[in-house]
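K.L.:
For reference, the chains in residue letters:
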Amino acid sequence: GAGVSQSPSNKVTEKGKDVELRCDPISGHTALYWYRQRLGQGLEFLIYFQGNSAPDKSGLPSDRFSAERTGESVSTLTIQRTQQEDSAVYLCASSFIPIQGGYQPQHFGDGTRLSIL
Amino acid sequence: ILNVEQSPQSLHVQEGDSTNFTCSFPSSNFYALHWYRWETAKSPEALFVMTLNGDEKKKGRISATLNTKEGYSYLYIKGSQPEDSATYLCAVYNFNKFYFGSGTKLNVKP
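Each protein sequence line maps, in turn, to chains A and B. Residues in the first sequence are numbered from 1 upward in steps of one, following our numbering. Residues in the second sequence are numbered from 118 upward in steps of one, following our numbering.
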């Protein structure tokens, strides 16, 4: 069975460019999460989708960050006008989540390593 | 923001040693705590999901306990092996978000 798939695995881009990161969750998983880990820091929660809806977007670092999910499947995280501080590993995770939240383990992808020059 | 703290930050043990580390969190409004193992060049792997005060979970040589009243969880590894070398993360679920600690990096020397 396929796990969580993220693409690209690595992305190097110039400051000011827009980037789009993709996450394919495990089929049937209704919850999807985005995290980032900057060098030397812990995992930082960005956003969570329940189905195609994001109940809380307050974890997104700035208005340059946006995310969407369609068909209760693929999600994209878009960073506009990238800055050097956006350099990080971006991880996606999914879980099968019934009514109660947080009771199912997350299954992580391998991440996208984003480097802003 | 919910503050999740893990200690120690890193740990070096010899093969065969038993070890344990701590995850501390605010005890109010607790819903769930997760433990993950993150090996270098791999994705984090779920170890345990803990929800009830007094929970004890075990998976092979690894076990975990949970005290929601005082706000901590312990992860124990019995007879550490080199393949246990990884960063161990705990995450607390609260109001639709997961708050991760910064992890404990374990290095087991053969």
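Treat the hints as calculated values from the structure; they're not laboratory data. All values derive from a computational prediction rather than experimental measurement. Any given hint could be a false lead.
[Said to hold, decoys possible] If you only want the chain A side, here are some residues facing chain B, beta carbon under 7 Å, derived:
| id | residue |
| --- | --- |
| 1 | 18 |
| 2 | 19 |
| 3 | 42 |
| 4 | 48 |
We treat Cβ as the ideally placed atom computed from N, Cα and C, and that holds for glycine.
K.L.:
Are any of the numbered hints broken by this structure? If so, which, sorted upward?
P.N.:
1, 2
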